[in-house]
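Asker: Going down the list, the sequences are from chains R and P. Note that this note's numbering has the first sequence beginning at 1, numbered continuously upward. Note that this note's numbering has the second sequence beginning at 1001, numbered continuously upward.
Bear in mind the hints are in silico, worked out from the structure with no lab data behind them. No experiment lies behind these values; they were computed from the predicted model shown. Certain hints may be false.
Unchecked claim - Some chain P residues close to chain R (C-beta under 7 Å, calculated; not the full set):
| id | residue |
| --- | --- |
| 1 | Glu-1058 |
| 2 | Arg-1085 |
| 3 | Gly-1143 |
| 4 | Lys-1201 |
| 5 | Val-1203 |
| 6 | Asp-1245 |
| 7 | Arg-1248 |
| 8 | Asp-1250 |
| 9 | Gly-1251 |
| 10 | Ala-1252 |
| 11 | Gly-1295 |
To be verified - Pulled from the structure, derived: some chain P residues nowhere near chain R, Cβ distances all over 12 Å:
| id | residue |
| --- | --- |
| 12 | Gln-1042 |
| 13 | Ser-1045 |
| 14 | Arg-1055 |
| 15 | Val-1084 |
| 16 | Thr-1088 |
| 17 | Leu-1095 |
| 18 | Leu-1120 |
| 19 | Phe-1181 |
| 20 | Gly-1186 |
| 21 | Gly-1207 |
| 22 | Gly-1235 |
| 23 | His-1338 |
Stated by the list, open to error - So the derived label-pair ranges between C-beta atoms look like this:
| id | chain 1 | residue 1 | chain 2 | residue 2 | range |
| --- | --- | --- | --- | --- | --- |
| 24 | P | Gly-1124 | R | Ser-394 | 38 to 46 Å |
| 25 | R | Leu-127 | P | Ala-1069 | 36 to 44 Å |
| 26 | P | Ala-1069 | R | Ala-461 | 28 to 36 Å |
| 27 | R | Leu-163 | P | Arg-1083 | 43 to 51 Å |
| 28 | R | Glu-301 | P | Gln-1339 | 22 to 30 Å |
In this text, a Cβ means the ideal position worked out from N, Cα and C, and glycines have one as well.
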Amino acid sequence: MIFSPEEGECETGRGGAGVLAIMPVMYPEMGQTLIWHSLSLTQRARARRWAMASVLLLYTALAACDPGTKPGDRIELVLWKNQAGREEDAQTTAQIDQFNAKQSRWRIVPQFLPQGGYDQSIVAASLAGRMPCILAVDSPMVASYAWAGHIRPLDGYVATGTLAAVSPSAVGHYAGRIYAAGQFDAALAIFTRRSILAQMRMRIPTLDHPWSGEEFQTLLERLKASGIYRYPLDLGTRDDKASWWTYAFSPILQSFGGDLIDRRSMTSAQGALNGEAAQRFGNWFQALFAKGLVNRQEPDENAFVRGRAALVYTGDWAAPAYRTYAGADLLVLPPPDFGHGVVIGGGSWQWAISKACSHPEGAGAFIDFMLQDRQVAAMSDATGNVPVTEGGASASRDFGPRGNSRMFFDLMRRFARPRPATPAFSVVANAYTFAMRDIMDGKDVQDAFDDAVDDIDQTIADHHAYRTGGHP
Amino acid sequence: MNARRSRRFQPLLFGAPAMVGLALFVVLPFLMALVLTFTDQQLISPEPGVFVGLRNYERLLSIRALVQAPERNDVAGTPSFARVRSLTRHEPAYLGYRPLGELRFGEHRVTLLAKDPAFLTALGNTFLFALMVVPLQCTMALGLALLVNAGVKGQTIFRAIYFSPVVMSMVIVSVVWAFLFDKDLGLLNQALGTLSFGLVKPVDWLGNPATAMPAIVIMSAWQGAGFQMLILLAGLQGISQELYDAARIDGASMWQRFWYITLPGMRQTIIFVLIVTTIAALGLFTQVDVMTGGGPRGSTATVMFEAVRHGVREENIAYGATISVVYFLLITAFILLHQILLRRSAKVIS
């Protein structure tokens, strides 16, 4: 039941049957079946309604690939993208229209899916054999999808030169091949005010001379001692999701010299996540909370703009609000170098071609188009996302050499490292997050990291190190 | 003849839609979950699950004890022990085990080990939650029902007010209460501080393992009590007014009327409310997921939270299913025991 674009339409009848066939499989994935019998009556009603809604939604999503009009002799390619806000969706649609107008062989038919159930939709579509041709994938999931056989390598379909221009952190690798490439990325930074640093008699760090760990600690202690700030630093620990904790705090672990996993073998976290460097990192992190330098849970996300915190560690997406608040006083700074260089997380949503796509060359042409400097620059200026090519940054208003967001491009270009490309990433992220949250709350650092390593290593061992997989 | 046959089929006919629904959405998925527990099925995987026997159950339920003699007494005389986690990661006999808790027997230290201490802790947390929330919530509900039934002016408005938290989304209620519980800026601590003239120091409600669960109990009872109130109210109104009138003529006090008329008259209703509340309490998930994420240090993690964490977030659906099946069996045993006890006590009374 592979969608064949030449026919120009989906067989909705079969699509419905497909959904019905996968429903029992989908059901446990929604986490409902397994907990059904222990839910209360109201919860059951709620869950049932929710499941119904998801199935209906899936049905419309899968059935909606009927493009309607017969488009002459063009070949239609269905594209799936996560809903990511009005600007980004509008800009993506505009660029798809440009691509459709520019050539006469392919016609991209975009569909935007809610980000909440995006993963499940992909899995369901794959089981039902109704995968779209082109899809956006969150970068940590690339390895998982590649291993599961949902997506195929880009080489041969996207020009080598185009891929080479893309910043390495925005390229999704697995098993030595490129499976996805992002049109934009994000960058983490420390935000503060010039006046605060002057008051604390601290120098302004630069890309070439970032703060050392000691300098950063001195600053935090001085801020605390000043009595102005109850908790000088906001680390965003209010968000307890594994995606944030991994994205935000594994780069700091790397800067200390540790890592989430041994990246040479990719089969064990032993030594990397519980070694001497990781212990130093864990002790430092624990002390931040014990000394009252960071609040374990800020009541809201506005600690910096309300003047409760002097420094905040977050990403480029917060810059517009902070500029409004601090104006020219705002400083965007590289995170400290804790001994092994400055590290920030790399990899946002990326474009990939499904294995089921019967015209990968068309999908490749589209992705190639999206990665050209002009498109990259237009996307970044429209959304504030960090461009991934030098040319794109130069052509951009905000990220050009004199643009006011240039710092984020430089940070990304110089310091971003992708999260480990392993199909076990969801376990890695969850184990790390639980360990870090326990450390924050005072658990023995070595015990916490040992637990995480055992979780990760057991999962990898259960899967025979992912040697057998769907990848070619 | 025809009429009799149709009468026999009518219940089946009318029941069929519900039965088919139940079979398709409850029984079948449960059986599938049962099958999953013997495999290593993942959510996203190119390979079908492989039969692994009882591995999931073994990883979930294995328990053993580790007895350690003190290694050496230093000058001060405090005994020191080898680090448990180092032992369990390297000694083949203890491989895969993690400490759950420890006891001292004279010089010796006994550490209880489990392969999944998080699950056992979560199980304890869940029952602790039920143990705290059921009496609190039901007493609150009974109090509210009596208040609303007392014949005060505007009781319909009060009924609506007390019931309103029930119709609010639990996620929203949780987010709002997380603000109320905030250590430095939360309303609750500010009120406590003001009322005690600063004697009560700010409590880190959700950040302290000792107070996190009680905080969730208070919030859950507040949110849910309105529902039980409605059921109890119906029970209250089912008691004949003549009984109260007769008691009043006999000179019974208000307390005696409550104890000898209201409570016995509501026996069945109260039992029903207790069961419904307990079942709801054992499914605790949303509040924990929104307010604490299972923390601090696992003190609010519940069985449902563990099932979703392993089954969905870590994509190990087989293990998540195992947690659910074990939990289902535990609850079934619990309900059966409850039924037996209830029947026995009913016999004693009659």
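Asker: Now, for every hint given, state plainly whether the structure supports it.
Answerer: So, going through the hints one by one against the coordinates:
no.	hint	in the structure
1	Glu-1058	violated (13 Å)
2	Arg-1085	holds (5 Å)
3	Gly-1143	violated (22 Å)
4	Lys-1201	violated (14 Å)
5	Val-1203	violated (14 Å)
6	Asp-1245	violated (36 Å)
7	Arg-1248	violated (38 Å)
8	Asp-1250	violated (41 Å)
9	Gly-1251	violated (43 Å)
10	Ala-1252	violated (37 Å)
11	Gly-1295	holds (5 Å)
12	Gln-1042	violated (8 Å)
13	Ser-1045	violated (6 Å)
14	Arg-1055	violated (9 Å)
15	Val-1084	violated (9 Å)
16	Thr-1088	violated (9 Å)
17	Leu-1095	violated (10 Å)
18	Leu-1120	holds (14 Å)
19	Phe-1181	violated (10 Å)
20	Gly-1186	violated (7 Å)
21	Gly-1207	violated (5 Å)
22	Gly-1235	holds (18 Å)
23	His-1338	holds (15 Å)
24	P:Gly-1124 - R:Ser-394: 38 to 46 Å	violated (60 Å)
25	R:Leu-127 - P:Ala-1069: 36 to 44 Å	violated (56 Å)
26	P:Ala-1069 - R:Ala-461: 28 to 36 Å	holds (33 Å)
27	R:Leu-163 - P:Arg-1083: 43 to 51 Å	holds (48 Å)
28	R:Glu-301 - P:Gln-1339: 22 to 30 Å	violated (49 Å)
Hint compliance for this structure: hints 1, 3, 4, 5, 6, 7, 8, 9, 10, 12, 13, 14, 15, 16, 17, 19, 20, 21, 24, 25, 28 are broken, all remaining hints hold.
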